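Participant: Let the sequences and hints guide you as you build the complete structure.
Chains as they are written, first to last, in UniProt numbering: chain A, 1 to 541; chain B, 1 to 541.
Since the hints were derived computationally from the structure, they do not count as laboratory data. All values reported here derive from a predicted model rather than from experimental measurement. Any given hint could turn out to be false.
Identical copies go unnamed one by one, so any copy, or any two together, can satisfy a pair.
Listed next, the in silico DSBU-like pairs over lysine-lysine satisfying Cα-Cα at most 35 angstroms (straight line) [as the list claims (entries may be wrong)]: (1) 24 to 538; (2) 459 to 510; (3) 499 to 385; (4) 538 to 63; (5) 63 to 490; (6) 510 to 499; (7) 538 to 101; (8) 71 to 538; (9) 24 to 499; (10) 490 to 123; (11) 34 to 538.
2 protein chains.
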Amino acid sequence: MKSFKIALAQFSPFIGDLDSNVQKMIEQANEAKKQNAEIIVFPELSIVGYPAEDLFLRPSLAKRTAQAFEKLAAIKDIVLVFGFVNLTEDGQRYNAAAVMKDGQVLGIYNKQNLPNYSVFDEKRYFNEGHQHLVFEYLGHKFGVLICEDVWSLNTVQQLAQLNVESVLVLNASPYEVGKPQHRIVTLKELAKQLNLHLVYVNQVGGQDDLIFDGTSFVINQSGEVALQAPSFTEDLYFAEYQVENKSYQVVESAPALSTMAEIYQGLVLATRDYVQRSGFPGVILGLSGGIDSALTLAIAVDAIGADKVQAVMMPYTYTSQISVEDATEQAKRMGVTFGIAEIHPIVNSFMQTLYPFFGNSPADATEENLQARARGTLLMGLSNKFGNLVLSTGNKSELSVGYCTLYGDMVGGFAVLKDVYKTIVFELAKYRNSISETPVIPERVITRPPSAELRPDQKDQDSLPAYDILDGILYAYIEEEQSQEDIIAKGFEREVVEKVIRLVDRNEYKRRQGSIGPRISSRAFSRERRYPIVNGWKPGV
Amino acid sequence: MKSFKIALAQFSPFIGDLDSNVQKMIEQANEAKKQNAEIIVFPELSIVGYPAEDLFLRPSLAKRTAQAFEKLAAIKDIVLVFGFVNLTEDGQRYNAAAVMKDGQVLGIYNKQNLPNYSVFDEKRYFNEGHQHLVFEYLGHKFGVLICEDVWSLNTVQQLAQLNVESVLVLNASPYEVGKPQHRIVTLKELAKQLNLHLVYVNQVGGQDDLIFDGTSFVINQSGEVALQAPSFTEDLYFAEYQVENKSYQVVESAPALSTMAEIYQGLVLATRDYVQRSGFPGVILGLSGGIDSALTLAIAVDAIGADKVQAVMMPYTYTSQISVEDATEQAKRMGVTFGIAEIHPIVNSFMQTLYPFFGNSPADATEENLQARARGTLLMGLSNKFGNLVLSTGNKSELSVGYCTLYGDMVGGFAVLKDVYKTIVFELAKYRNSISETPVIPERVITRPPSAELRPDQKDQDSLPAYDILDGILYAYIEEEQSQEDIIAKGFEREVVEKVIRLVDRNEYKRRQGSIGPRISSRAFSRERRYPIVNGWKPGV
Numbered sequence: 001m002k003s004f005k006i007a008l009a010q011f012s013p014f015i016g017d018l019d020s021n022v023q024k025m026i027e028q029a030n031e032a033k034k035q036n037a038e039i040i041v042f043p044e045l046s047i048v049g050y051p052a053e054d055l056f057l058r059p060s061l062a063k064r065t066a067q068a069f070e071k072l073a074a075i076k077d078i079v080l081v082f083g084f085v086n087l088t089e090d091g092q093r094y095n096a097a098a099v100m101k102d103g104q105v106l107g108i109y110n111k112q113n114l115p116n117y118s119v120f121d122e123k124r125y126f127n128e129g130h131q132h133l134v135f136e137y138l139g140h141k142f143g144v145l146i147c148e149d150v151w152s153l154n155t156v157q158q159l160a161q162l163n164v165e166s167v168l169v170l171n172a173s174p175y176e177v178g179k180p181q182h183r184i185v186t187l188k189e190l191a192k193q194l195n196l197h198l199v200y201v202n203q204v205g206g207q208d209d210l211i212f213d214g215t216s217f218v219i220n221q222s223g224e225v226a227l228q229a230p231s232f233t234e235d236l237y238f239a240e241y242q243v244e245n246k247s248y249q250v251v252e253s254a255p256a257l258s259t260m261a262e263i264y265q266g267l268v269l270a271t272r273d274y275v276q277r278s279g280f281p282g283v284i285l286g287l288s289g290g291i292d293s294a295l296t297l298a299i300a301v302d303a304i305g306a307d308k309v310q311a312v313m314m315p316y317t318y319t320s321q322i323s324v325e326d327a328t329e330q331a332k333r334m335g336v337t338f339g340i341a342e343i344h345p346i347v348n349s350f351m352q353t354l355y356p357f358f359g360n361s362p363a364d365a366t367e368e369n370l371q372a373r374a375r376g377t378l379l380m381g382l383s384n385k386f387g388n389l390v391l392s393t394g395n396k397s398e399l400s401v402g403y404c405t406l407y408g409d410m411v412g413g414f415a416v417l418k419d420v421y422k423t424i425v426f427e428l429a430k431y432r433n434s435i436s437e438t439p440v441i442p443e444r445v446i447t448r449p450p451s452a453e454l455r456p457d458q459k460d461q462d463s464l465p466a467y468d469i470l471d472g473i474l475y476a477y478i479e480e481e482q483s484q485e486d487i488i489a490k491g492f493e494r495e496v497v498e499k500v501i502r503l504v505d506r507n508e509y510k511r512r513q514g515s516i517g518p519r520i521s522s523r524a525f526s527r528e529r530r531y532p533i534v535n536g537w538k539p540g541v
Numbered sequence: 001m002k003s004f005k006i007a008l009a010q011f012s013p014f015i016g017d018l019d020s021n022v023q024k025m026i027e028q029a030n031e032a033k034k035q036n037a038e039i040i041v042f043p044e045l046s047i048v049g050y051p052a053e054d055l056f057l058r059p060s061l062a063k064r065t066a067q068a069f070e071k072l073a074a075i076k077d078i079v080l081v082f083g084f085v086n087l088t089e090d091g092q093r094y095n096a097a098a099v100m101k102d103g104q105v106l107g108i109y110n111k112q113n114l115p116n117y118s119v120f121d122e123k124r125y126f127n128e129g130h131q132h133l134v135f136e137y138l139g140h141k142f143g144v145l146i147c148e149d150v151w152s153l154n155t156v157q158q159l160a161q162l163n164v165e166s167v168l169v170l171n172a173s174p175y176e177v178g179k180p181q182h183r184i185v186t187l188k189e190l191a192k193q194l195n196l197h198l199v200y201v202n203q204v205g206g207q208d209d210l211i212f213d214g215t216s217f218v219i220n221q222s223g224e225v226a227l228q229a230p231s232f233t234e235d236l237y238f239a240e241y242q243v244e245n246k247s248y249q250v251v252e253s254a255p256a257l258s259t260m261a262e263i264y265q266g267l268v269l270a271t272r273d274y275v276q277r278s279g280f281p282g283v284i285l286g287l288s289g290g291i292d293s294a295l296t297l298a299i300a301v302d303a304i305g306a307d308k309v310q311a312v313m314m315p316y317t318y319t320s321q322i323s324v325e326d327a328t329e330q331a332k333r334m335g336v337t338f339g340i341a342e343i344h345p346i347v348n349s350f351m352q353t354l355y356p357f358f359g360n361s362p363a364d365a366t367e368e369n370l371q372a373r374a375r376g377t378l379l380m381g382l383s384n385k386f387g388n389l390v391l392s393t394g395n396k397s398e399l400s401v402g403y404c405t406l407y408g409d410m411v412g413g414f415a416v417l418k419d420v421y422k423t424i425v426f427e428l429a430k431y432r433n434s435i436s437e438t439p440v441i442p443e444r445v446i447t448r449p450p451s452a453e454l455r456p457d458q459k460d461q462d463s464l465p466a467y468d469i470l471d472g473i474l475y476a477y478i479e480e481e482q483s484q485e486d487i488i489a490k491g492f493e494r495e496v497v498e499k500v501i502r503l504v505d506r507n508e509y510k511r512r513q514g515s516i517g518p519r520i521s522s523r524a525f526s527r528e529r530r531y532p533i534v535n536g537w538k539p540g541v
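Facilitator: Below, the structure written as structure tokens:
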């Protein structure tokens, strides 16, 4: 044998639906056979999908997994390497990989390093494995690792000492900005250092708030990248090992993505998978003439098509004429269903009912919230009647400091920009405009000063610091976990820093009731940043 | 020395507020000294409180802990045993206990068994300890364990082999129905089996969705209960060891609580701590004339006093006269501020705005949701204007099957009955009426058939099975994790079971946006039952 071929199944499982996942695995295995692959490698936990959370604990998972094995056993003439939950007779539960050929299980590997930080909770579900798996096939010695394992130098060194040539790494590694490149850069060094070929297969697809980017790759023991699959795409990729050269043939890599392209494509994939896998016929969102809803609309259209997207403008006294114009124009450019619903009569009826209770209290945020809640209720009414999912349009900067109305602009099942700071929202809007002949977002939406338009002549910057300053403080506090004093020492004004941190801390209750949204940062709210609502921690030191 | 005295500090920390916690610990230590105690034992992680979640990871926690130690070091002439986060020089983080006397640390114990299931995530935060701590004092040999440790027979046996006489157990053990008694019954056996005295000190207080019941106790090595502190009360309790008898003197135990008394007191404590520690001046809730809001009102009044509670009745076309009468009567009996706000004009204004969009679509749940959302927005308006916290009044049965309106009756910061099934709501209402001379909840509220009153002559049982059947199925599916087929095999109708399970699975998105509420069951939503929103798991097997 001069060469052999490995298929990398950059696979998007439907969490918990073992039947459909196995069906797709069979189709991919058959396709791989057509292309003369000898081995096909699927991502971590491919049968059930990652992360299935407490579905991993369902008592019937063992039976369902056994049924999946039976179906996969019918595939002949190709080695399958796939992920599953391994429930052993002594009651242990492992995050495992099976090597199967012609219905025979040639080996099982139990993941040794279980991440239990950041977005990961694997110690809630799994026991640690303690043994390596090595198998010889086609005169080549393979090892198997699962995701976190490959980041433990100790674990990989042990495997290298077993004279393994190629390591098949099954992954469900969630996306964050820059991570696709980071993985490759780091593992190139590892391959060289330990003289191992790495075949890295990653899950792809959106799962609730997590995005899996795929970006599978093969690295030769020289550190050379032999194959790099595109990000955010489900497909089969093939690596051919040349026995004589002792290396995988180098094929053209997917072109590198700019940071904004990477984020944008990730958000599109997350939105598409959430909407489609939840079974919604389409989406609806409130279009305000501002940049957040404009960008959300563009992402929605790119995710599921203009014919499935409905936008509604809901003006009130403080809505400027240019907002109505720009929203109308954008809806037209994008070809979505568009309607206008005035909220004056609704806000007035609320005020009349509340008047006897309010007495002579001066106007404050209460009245602003009524506008936002009238809009939220209208969107939910349209959603209830026609079945479209409401997309929430708030961004991470707002959500961090609570500059948003619970049950108002926060309504919706999926908050597309939840983990995107406002400064990045601007960049993404410009990026999206740059990739189509005519800009989909009217220029004025990007250049005008941001405003919630809930008071006469209101600007965001009346209540908040400029967004570059706000985002700088938020990034230091949230992503970098710096203390108040550290952040002030970086040169931000004390008063501003204290205010921002106070707002972040105080608004945990609001975020807790917000919808989920795709994670692109290294510290997303909710799954990753877990704070008590009631707490007496004082910023300080 | 003929005897010595140990103070059990059944302590309610304010999570994350090390200053106030240490201040209270100092006061309690001084009080214990006054009562001639030689040792005072505080609960698990007493300095920072449990669970502080990602506050455990804040870089400045080390510095804050060091400051706390300095303050505690000033206490003389009593041994302090307390919990803290032990950050060691090699970067490990332990859930630890310190034994301190006159400013000297006599020993440190690192928790060996870290729970990472159910509501617990300790492996996210801590490393495992591997060593026992034994210290001799007053001629008596003490060991120290922390919470989960005492439930590991292996761990306790090892400690027993070190000839320990009394084990000081520091706990933050969350409440669930029956757990106070369960702990004592189980540990009596352990004490006898291993010939150990157990001094068990538990945290008390509400922390977000968790209730800590306290119910600290001392068990002699004979298995006899020497002391049992009341549940849900913060106080100091004293155990006196008689050297001659080699046992702790038996004192009168707190009277046992009925199940309903236990749950009721737990909900009252949780509500009080949430409201007060969040800094709200009071609460507001919608009173419908139904049993859920009636019980919530009673709990609110018992928690924070009638003068801090505001109730609003918000009738619509389908609200019956008896609902208005009963709500008015209950508000009067409880002495709370009460108002009536008609929602017709609001619902009408929504309908007029939506009419052009709806066209000839027949009426459905959309119109019902508008009523609920009009009410939710009114409550939030009153909350925003006057600062009172909105209490949500839904129960666990409703929330399980989604028989509630997101952004409607689900609005609020704290859902008092979130983990209480409807059948238990009835029991609790009867219990509450039984303990005051005149029943606080009008009899008719308890006896009339439950109705959401969102359609003419609507009854809950038009859409849902009878509550005893519904709750039976829900309990089997949620608490017992039984499969659909198992539940049908128990004798429930197939069609009903399939429908209920489908509803539970489909409504995860709704629950995820609901407010938190106190956990009383062994499987509460959100923190404990963690399911993906998007998933393709099919009930079946």
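Participant: For every hint, state whether the structure bears it out.
Facilitator: Each hint, compared with the structure:
When the C-alpha separation of residue 24 and residue 538 is checked against a cutoff of 35 angstroms, the pair qualifies only between copies, where the shortest distance is 17 angstroms, while the shortest distance within a copy is 51 angstroms. Taking the shortest alpha-carbon separations for residue 459 and residue 510, both the intra-copy value of 22 angstroms and the inter-copy value of 33 angstroms come in at or below 35 angstroms. When the C-alpha separation of residue 499 and residue 385 is checked against a cutoff of 35 angstroms, the pair qualifies only between copies, where the shortest distance is 22 angstroms, while the shortest distance within a copy is 42 angstroms. For a Cα distance limit of 35 angstroms, the shortest separation of residue 538 from residue 63 across copies, 13 angstroms, qualifies, whereas the shortest one inside one copy, 50 angstroms, does not.
In this assembly of identical chains, the alpha carbons of residue 63 and residue 490 lie at most 35 angstroms apart only when taken from different copies (20 angstroms versus 57 angstroms within one copy). For the homomeric pair residue 510 and residue 499, the shortest alpha-carbon distances inside one copy (17 angstroms) and between copies (32 angstroms) are both at most 35 angstroms. Proximity of residue 538 and residue 101 under a CA criterion of 35 angstroms is satisfied inter-copy only: 29 angstroms between copies versus 59 angstroms inside one chain copy. In this homomeric assembly, residue 71 and residue 538 come within 35 angstroms of each other (Cα to Cα) only across copies, at 18 angstroms, whereas the closest approach inside a single copy is 57 angstroms.
Taking CA atoms no more than 35 angstroms apart as the test, residue 24 paired with residue 499 passes between copies only; the shortest distance there is 29 angstroms, against 52 angstroms inside one copy. Taking the shortest alpha-carbon separations for residue 490 and residue 123, only the inter-copy value of 33 angstroms comes in at or below 35 angstroms, while the best intra-copy value is 37 angstroms. For a Cα distance limit of 35 angstroms, the shortest separation of residue 34 from residue 538 across copies, 32 angstroms, qualifies, whereas the shortest one inside one copy, 63 angstroms, does not.
Checked against the numbered hints listed earlier, the structure breaks none of them; every hint is satisfied.
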